[in-house]
Structures are given as C-alpha cells and as structure tokens.
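Peer 1: Fit chain W to the given chain A structure using the hints.
For the protein sequence lines, the chains are A and W, in the order given. Reminder that position 212 of the first sequence reads as 212 in our numbering, one-by-one numbering, no gaps. Reminder that position 193 of the second sequence reads as 193 in our numbering, one-by-one numbering, no gaps.
Since the hints were made in silico from the structure, they are not lab data. There may be inaccurate statements among the hints.
Note that identical chains are pooled: a pair holds if it fits in a single copy or bridges any two copies.
To be verified - With a straight-line cut-off of 25 Å between C-alpha atoms, the simulated SDA-like cross-links for lysine to any residue are: (1) K330 / P293; (2) K330 / A225; (3) K151 / L202; (4) K330 / A297; (5) K151 / R30; (6) K330 / E308.
Here is how the chains run, residue by residue.
Number of protein chains: 2
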Amino acid sequence: MPTDLASGAACPVPIGDHTHVLLAHGGGGRLTNRLIDSLFLPAFGDSAVHAHHDGAHLHIGGARLAFSTDSYVVRPMFFPGGDIGTLAINGTVNDLAMCGARPQFLSVGFVIEEGLPMESLQRIVPSMRTTARAAGVAVVTGDTKVVDRGKGDGVYVNTAGVGLIEHDGLIAPASVRPGDAVLLSGDIGRHGMAVMAAREGLQFESAIESDCAPVAAPVLALLAAGIPVHCLRDLTRGGMASATVEIAETAGLHIRLDEAAIPIREDVRGACEILGFDPLYVANEGRFIAFVPADAADRALEVLRGFEVSRAAALVGMVSDTSRGLVTLKSRIGATRVVDMLSGEQLPRIC
Amino acid sequence: MPTDLASGAACPVPIGDHTHVLLAHGGGGRLTNRLIDSLFLPAFGDSAVHAHHDGAHLHIGGARLAFSTDSYVVRPMFFPGGDIGTLAINGTVNDLAMCGARPQFLSVGFVIEEGLPMESLQRIVPSMRTTARAAGVAVVTGDTKVVDRGKGDGVYVNTAGVGLIEHDGLIAPASVRPGDAVLLSGDIGRHGMAVMAAREGLQFESAIESDCAPVAAPVLALLAAGIPVHCLRDLTRGGMASATVEIAETAGLHIRLDEAAIPIREDVRGACEILGFDPLYVANEGRFIAFVPADAADRALEVLRGFEVSRAAALVGMVSDTSRGLVTLKSRIGATRVVDMLSGEQLPRIC
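Bound conformation, chain A alone:
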C-alpha cells in the first residue's frame, strides 16, 4: 500500500473536532485560524516571523523585503469587475502593500483542469498582464500544471510576490496602540456580492462590480507623507469583521467601530439584505484598513482621498485598551454589539 511506505511523522495536535477538512477551513475566519494555529504555526512557526500577517518580512542580501503568497480558486473565474487573473495579481500586490512594501516581482503558478477551453486562458493571461502593468509589478517566473478532468475546476492560480520595504516602522498588529484611529479605504462588500451574483445568475437593478484593484499606491503615499502607520490589513476573506477581530486579538486591544461611518453602497446593502449577508463579513479585493495615531488621522485621510481607489476613505473606529481582543460595533440606532470572526463559511471560493 503506497501510504504505508510514505515517510513523515504524524502530528499529535488535534485540529478542533474536525477529522476532515471543511470548506470553512478556507474561509478566512475562525476555522482557518485554528488550522493555522494548530498545524502550520507549530510546523513553521519558528521562522514565520509575522504570524497572522499578510506576508513575511525578510532580511536577505542587505535588502529588507516583504514576501507573500495566495492561491486563487474563485468560482466563477469571470465575474463583473474582474476575473481570477486580476484577483491573483491584485491580491498579492495588496498583501505586499499591507506589509508597507513596494510590490515589485510576482510569480504565477497555474493548476489547470484538463479540458479547460484555451479561450479561457487566452482571456485570463492578458488580463493578468494588464493588471500587473497597472499595479507596477512584473511577472517574472511561473509554472503550469494540468490535472485530470474532474480533479480541478477550470483553473486555480497561485501568485507569490516580493516587495521592497523602504520604511523603518513595524507595520503589524503588534504595533497597534490605544488611541489609534481606524481608517477604512472605501465602501465595502462589492467583491463578494459581485461574485455571488455571477455565481447564482442574480440580476440586481444596477450591476454590482467587484472592487478588485491594487492599493499599493495610496499605502506608499501614506508612508511617503510620514504618517506613522501602525498596521494595515486588506479586507478579503472574512471581510472587515474577521480582519478587525484578528488584529484586536493579536494586539490584545479593543477596536470600537462605528457602523454609520462605514461606507456601503445602497445596492450592495440591499443585495446583502435580500440574501441574508452581513456586509461586515463580505470579502473585498481593493479595500483595506489602516491604523494610525489619532492625531495623524486627518492627514492620512487627505492622502488616501487623493487616490481614486481610496477616494471614499473614512474614519470608522478607534482603538482603546478597555477590553482585550474585542471588536464592538456601535449600530446606526446607537446599540453596541460584539463583532466576532466569521466562524463558518459565508461564501466559499470568493477569491
């Protein structure tokens, strides 16, 4: 039996109560974190310098670099506002930007299902080129694998990226301080609802397009303006709720969000209401939050609003030390509720 011959010791750590991998283990919420904490960190943790962060900081050959990877399995592969290729480029560009790095070089790995129409690749690859150019990065190396029919779903794309860190601060959850302002770069919920609509063939009154876009330019502008950025996080899988909870828990602080200040387009809000989604948990692909000292918030907002992708940037919350590892949301009607991390899987394969 092949498996009897294989090497590798068994890991004694139980992973929650799950004997098999669930879709929610990839959802970016509680179960994903449990998988990371119970399996990946014990194995790779010594060297994984910035756990629960979008990328690693490397010191190599005298250079300070950020290094990040993501696989993209979005279904369907084409959706309003983008496709799996634009997502794969912008996603990794944004992960590097969240380290405060200038994204420069990307690798691309395709896992293609046998039988994929060549026409699909002929749309995805040029779309990656266009997106890479717009984001100012070069795709410099790649790999293609093909799996048998029924063992994939069209195409899965992995990108890894290397970016240059030119600032001296540590941009990470550990740098968040009581008194920090929480800035949100724009309206939330569009990517998730665009993919949902494409997947289910839904028609809304107005077309909801994904917000998929590179956000490195406004981030680098914040740093260039001398804003002491404490932490950055893009609001992908698990949405704004999971991102803020993860940061609050890692920093051991209390993040207070103000619902009325969080920009959500009316059509997105309506679609969420009809479908029973909470926009705080819906994935975005061109939105991020920035933690900056309160006295730098106005200047930071001014910088962010100078870029199309973050024109609607807003102050949406504050950090305090009134509780440890907690996110609360003051609702529009004045009530306050605790925000938890996504615990199941709201929208599988959103990115």
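Peer 2: Just chain W, lined up with the frame of chain A:
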C-alpha cells in the same frame, strides 16, 4: 451571463491546434513549451528575464536574488521515498539551486479538497517542516484555500522561493559553450517509477524509492570551489531528455550524450522496460545536470561526489557546435539517435 460581464481582451495568438487544455500541456515537454511560448511569454516576456529557466534573477534593494515557483499535484500524494510535501519543498529549493542561488525562504500555498482527512495534512505538514530543515530553508508565509468536494484531488501545494545569488556568472542555457562537459549528478528514473508503482499498486522485487532530495549543497560547493558553472538544470518533468533538448535549443548547440555513461539502477531499468518507459524521459526530483568547461570536469566531479546526493555523479556528454539545437545519444551498442523533447504526456501528475 457572468462571462459576458468579464473584462480582459482576448489574445489573438493560437496555441498549436488545441482548443482545450490537454494533460500534456502540463507534462514539461513540447506542449508545455508551446503554451509558454505562445501565451505566457507574449504576456509576461518583457520582464521574464530568463525564459526557459528554472527561476528569475531579481535585482532588488541592492540584493541579487533568485525567485522561483512550482505547483505540485502529484498523485498519489504519498509515495515511496516522499510525499507531496517533501516534493514541494525540495522542488523549489532545487529550482533556486539551479539558478546558482542559496535557497533561503519559501512560501507555501495549499489548495485542499473539502473532505481531505485531517490526518493527511497532519502527515504532509510535518514532513514539509523536516524537509525544509534538512534543506536549510525557512517557510515564512503561506495560504490555505479549500475547494468543494470533487473540484480537487486531496491537496495541491504551491511553493515559491527566494534565494541569494552570491556568484557573478550567468548560470543559464545562454552561457553553455562548445566544449562544455555535461555532468549528471546521479542515477535517473527513480522518482517517476516510484510514483508509478505507488499509483498503480505495482510490486517490484526491490522497492524503488523516489530520489526526492535537495541538491543545493553540491551546487553551492561547485561554485565555492570556483568551478565556472555555465548552466544547471534539474531533471524533473520530461526527464533528462526534455531538459537537455530545451537547453540545446536555447543555446543553439549540439549536446552529445553517451548512454553507457548514464547511471540507471537495474531495478529502475527493468521496471521501465516492463512498462514501456524510456528512463531518459522519466522524472527525477533530486537529480541535475551541470555544464562546465571540459578542463574543469574532473574537479567538478570530485566536488559532487563529496555529497551523498551526488555520490554517483558522472560525465555523460559533451557540447559541440556541430549542429544547432540538437541532442544525440550514442547508444550502448554504438548507434547514434536523435533525442527529442517529450511530446505527449508520459506520466501525468508526476510532481
């Protein structure tokens, strides 16, 4: 319809005569090259500095780095001598080594099929840790996605890696010169036959184990010894035949191989004969060829033989300019035949 809404211009370039992706497009042979030449290079070529090479050379922040990626889709995921995790670590370590770089940092991306027994991950991840330690690299960042049941095959793994280039030469097919000796680091054919046996439940008299291993140490020792290494290539998908043909074509030179000098274990040769495989085309995961000036060949062999992984290193061929882009093999009985690149798919999903 979702696809009507998507952006991205169509690429006008036809890809051979194939309207759909075949397994052979991922086989590392002629069709893989056609896909690269017709689709990926036109899109990314400006920046893909070393086309048809195992990795890219980057200049960033004053450092000279190699950057490489591979996805691993091997079936079955456990096989004699390794598993998909050991393969994913060693494969990218070796790609960096083939650039003459010192492998340092790796990223890992998992695409897991819903329902994968957690026990499988609990074997693969520790096995990656052990392999990474043995190869002297750190896994510093990662990503996990889960796809629905029936849309994957257990787990696919992508690794990307960054290594430091400490030498001044250009190690690439373009540096190969007439008069170069072709050195092979050890016996060939084991990985492919080990996976084949595991997949088909074959029993040979002796167990054939994969040769999966990191080869960075002997490569770095060659460079440290001052051997002017012109080109390096690991003999993975498509085997030794496809690797040498690709180099001969890129360099525009003639590589003459001597079959009698190529080490192949008797059990591997026997298994290949029974199953109708040509060992020259069978994948290896711990073997490489090195092109060095003929007068440095003996010294290089001595260095290589100082390492367990390349103990059986041998001089297996010479480069000349008697033909352009040709590989010929002098057989054991003295006849000479032309070696072509793998044109179909000998063993799908071998890595």
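Peer 1: Is it within, between, both or neither when you check K151 against R30 at 25 Å Cα-Cα?
Peer 2: between (27 Å within a copy, 23 Å between copies)
Peer 1: Can you tell me if K330 and E308 fall within 25 Å by alpha carbon in one copy, between copies, both or neither?
Peer 2: neither (28 Å within a copy, 64 Å between copies)
Peer 1: Should K330 paired with P293 be assigned to within, between, both, or neither, using CA atoms and 25 Å as the limit?
Peer 2: within (21 Å within a copy, 72 Å between copies)
Peer 1: Can you give me the call for K330 and A297, within, between, both or neither, at a CA distance of at most 25 Å?
Peer 2: within (20 Å within a copy, 73 Å between copies)
Peer 1: Under a CA distance limit of 25 Å, which applies to K330 and A225: within one copy, between copies, both, or neither?
Peer 2: Result: close neither inside a copy nor across copies, 31 Å intra and 67 Å inter.
Peer 1: If the cut is 25 Å between Cα atoms, do K151 and L202 qualify within a copy, between copies, both or neither?
Peer 2: Intra 28 Å, inter 23 Å, cutoff 25 Å: inter-copy only.
Hint check: violations occur at hints 2 and 6; the rest are consistent with the structure.
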